[in-house]
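Residue numbers (my numbering), protein chains in the order written: chain Y, 1 to 222; chain D, 1 to 222; chain B, 1 to 222; chain G, 1 to 222.
What the hints contain is simulated information worked out from the structure, not anything from laboratory work. Wrong hints could be hidden among the right ones.
One copy or two, either will do: identical chains are not told apart, so a pair holds if it fits within one copy or between any two.
The list that follows gives simulated cross-link-like pairs (lysine-lysine, PhoX-like), each with its CA atoms no further than 25 Å apart [said to hold, decoys possible]: (1) 137 to 87; (2) 28 to 150; (3) 100 to 87; (4) 33 to 79; (5) 33 to 61; (6) 61 to 137; (7) 215 to 61; (8) 179 to 61; (9) 179 to 150; (10) 169 to 61; (11) 28 to 169; (12) 137 to 79; (13) 150 to 87; (14) 100 to 28; (15) 194 to 215.
Keep in mind the model is a prediction, meaning the values are calculated, not measured.
4 protein chains.
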Amino acid sequence: MTLQKQQSESSLDQNGRLLSRQIIDAGKIFFDKNWVLGTSGNFSAVVSREPLRLLITASGKNKGELGSDDFVIVDEQGKPVDPSMAKPSAETMLHVVLAKEAGAGSILHTHSVYSTILSKRFFGEDHLSISDLEMLKGLSGITTHDTRVKIKIFANTQDMNELADQLAKMIAHNDESVKHAFLICGHGLYTWGKDVAEARRHIEILEFLFEVIHKSDLYTSS
Amino acid sequence: MTLQKQQSESSLDQNGRLLSRQIIDAGKIFFDKNWVLGTSGNFSAVVSREPLRLLITASGKNKGELGSDDFVIVDEQGKPVDPSMAKPSAETMLHVVLAKEAGAGSILHTHSVYSTILSKRFFGEDHLSISDLEMLKGLSGITTHDTRVKIKIFANTQDMNELADQLAKMIAHNDESVKHAFLICGHGLYTWGKDVAEARRHIEILEFLFEVIHKSDLYTSS
Amino acid sequence: MTLQKQQSESSLDQNGRLLSRQIIDAGKIFFDKNWVLGTSGNFSAVVSREPLRLLITASGKNKGELGSDDFVIVDEQGKPVDPSMAKPSAETMLHVVLAKEAGAGSILHTHSVYSTILSKRFFGEDHLSISDLEMLKGLSGITTHDTRVKIKIFANTQDMNELADQLAKMIAHNDESVKHAFLICGHGLYTWGKDVAEARRHIEILEFLFEVIHKSDLYTSS
Amino acid sequence: MTLQKQQSESSLDQNGRLLSRQIIDAGKIFFDKNWVLGTSGNFSAVVSREPLRLLITASGKNKGELGSDDFVIVDEQGKPVDPSMAKPSAETMLHVVLAKEAGAGSILHTHSVYSTILSKRFFGEDHLSISDLEMLKGLSGITTHDTRVKIKIFANTQDMNELADQLAKMIAHNDESVKHAFLICGHGLYTWGKDVAEARRHIEILEFLFEVIHKSDLYTSS
């Protein structure tokens, strides 16, 4: 424990420590709001671009009580750069693809009640479509409520590398349904941003919109 | 950052610092209750009447983690009195109109799930009408539950100055539907009071009433 | 302010300070759970029996941020024993009647979403009847879930002294619908106990039961 | 009080103090999330296997404000090992059976709104069946969402020793509906794990799943 602590702390430079603290703070808030119960969810931030290094939460940690030891640094294959580090999440390649292909600086994944319910309810329509709500303006690049945002709903799978490949292709084709976020059916929400603050804002905005849609009849089909 | 901090701190006198602390405290509570997720909402308080100076939250700040630097002082045209200050919210003129025309000492704007849903549901009826609930007595000037309070629902717009003009005219005509608060459709709630404490009480009262109305069949048409 | 503080502190003996601290702690929890938003609710505890002296929250205070100055001591007519004290709540006589006639050591009154909704929904049936739920055993004197608890629903009024008289008569006749608690229609919940801890437990139990009844079809008519 | 404190502290060795602190922390979180209101619920952890000694919350304590004195150590008959200790919960034998027969290292029992409602709604079907949700993977031994977990619903009773016998028999027969958790109708949830962290994760996972099932149409009959 002491040894592992030394290794992980020495592996985080000043930038990494700052990013880990921002993620730790986001995790406390998300746990408090019931978006990452039971060790669910995973969070990451880009530490360096060349070569790509991603700071990501280790598998199986309580996201409301993260410590500076609960992170792994992975490379662009999603492998820990230091073999002594904890195991990264099975979903690491989704984070790597978003950092590489979508240019994300931070990726946040939550498991909330409303994202779970909506992902099931709209799975047959391929994506969730949200329009005419002021809170949409909280998503990067959206400047008016008078717009329509599409959020892809993928089938759930235990082969996350295959899903990562599919996601990479959609981003390469500029598919508008993976521009801001996506859902995995019965599983949860992925969103991202240029930094942790923007990614966290996107989580808050989307969770708000999901609750509004679930509790009202505001859904407009695409 | 240090420079900006010096400027903003020197621009706040003792009264301004007191008001900013009251708003910071209200912001923490509103964020905790999910009324200002994702940097939504904006808050203001009158610093001086002659000339009118309004302390208002800068654009794009997390309302649960406001600091003393996250405010701008604007004049009666809604322009920052110090050009080095951060950008005020696009909705600043709504605050100015309420301070000038309605005599408000503090104006608070939130984006909650229930205000969003009710603003959509009752938009076609022009306003939301609430009656026969004890909590109405928490609104300034209401002394019995046996009353009816009307809350105007405006169409949403990205031209907030035009909405501010419309609001000013309604206040000038003593329109009873903008006496305590108003909603913007798909957007959120504005309410105000003689000081931050009263405006905050109005937010809490109205958010409570909106949740009661949404979850029950208590709506009575006007 | 300093003068008032001196007076109210000097008027509280050690027992009064202990009771006020227990009520302050309960108020924080109730506010956090949205049961006393917007300065609603009022709380009391018996300081002495002979003569009857009741410590009660002053009118118009935020119940989540009570301080030791936010209390009044009233006599058995509900009048402040010290004329310099703050104004007690208009509902003070309900507390006095419960302390005198029901032997309560502490009385707590909250305004929650579910108590408001259920008080409207079941007003026509005179009372709310709850049965066959384990949580009923949290009410004083209930030792099995296989029971039925009746909770009187009074019409709301602005003449609380008249309501207090009606309540006193029902208690004198051992009416089982005012044994543990009562509701006021569109207004909120009153419950009580031998001390602040028991009264607070009753609030928590009843708020839980109200939410269960509202969200399910568990209501059984009397 | 001082005497009792001395006794209970001296009766907890280092391991017992560590376990009690983990349970105290879990209790604060569960209370905050409204899963153990009004002194409901009880929590335990195995202190030693040979002989079996179980640290369990004393009866009637507020589970959000547990102190190190609010625990009892019981033997495999559910009796306090020190007669001066506080009274253990009437449900102690359920904990003992789970520690002995299911090999649990910690047992946590909560009373939430959704577990109460679902236990009533699905009581006629003998158990609740949950499938095709990613969060199921948070339950020990579940490695894919593509599975079905059965949760037994027992009738409520005031004879908990009889229920403990019934439970012991089902565990002895490897009944799959008591592998991870069970519900008692109108009462609440029991779940367990190899240690307090795992049992707490199971509570969070199951409460999440119950809320999803209640709020959606995701129920699939067995």
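Structure-based check of all given hints:
1. 137 to 87: Between copies only: 17 Å across chains, 37 Å inside a chain, cut-off 25 Å.
2. 28 to 150: Answer is neither; intra-copy 28 Å and inter-copy 31 Å both fail.
3. 100 to 87: For residue 100 and residue 87, the Cα distance is within 25 Å only inside one copy (21 Å; across copies 33 Å).
4. 33 to 79: neither (31 Å within a copy, 37 Å between copies)
5. 33 to 61: both (17 Å within a copy, 20 Å between copies)
6. 61 to 137: The answer is between: 14 Å across copies meets 25 Å, while 32 Å in one copy does not.
7. 215 to 61: neither (31 Å within a copy, 27 Å between copies)
8. 179 to 61: between (28 Å within a copy, 23 Å between copies)
9. 179 to 150: For residue 179 and residue 150, the Cα distance is within 25 Å only inside one copy (8 Å; across copies 38 Å).
10. 169 to 61: Close neither inside one copy (30 Å) nor across copies (35 Å); limit 25 Å.
11. 28 to 169: neither (33 Å within a copy, 41 Å between copies)
12. 137 to 79: between (36 Å within a copy, 23 Å between copies)
13. 150 to 87: This pair counts as neither: shortest intra-copy Cα distance 33 Å, inter-copy 30 Å.
14. 100 to 28: neither (27 Å within a copy, 35 Å between copies)
15. 194 to 215: neither (31 Å within a copy, 34 Å between copies)
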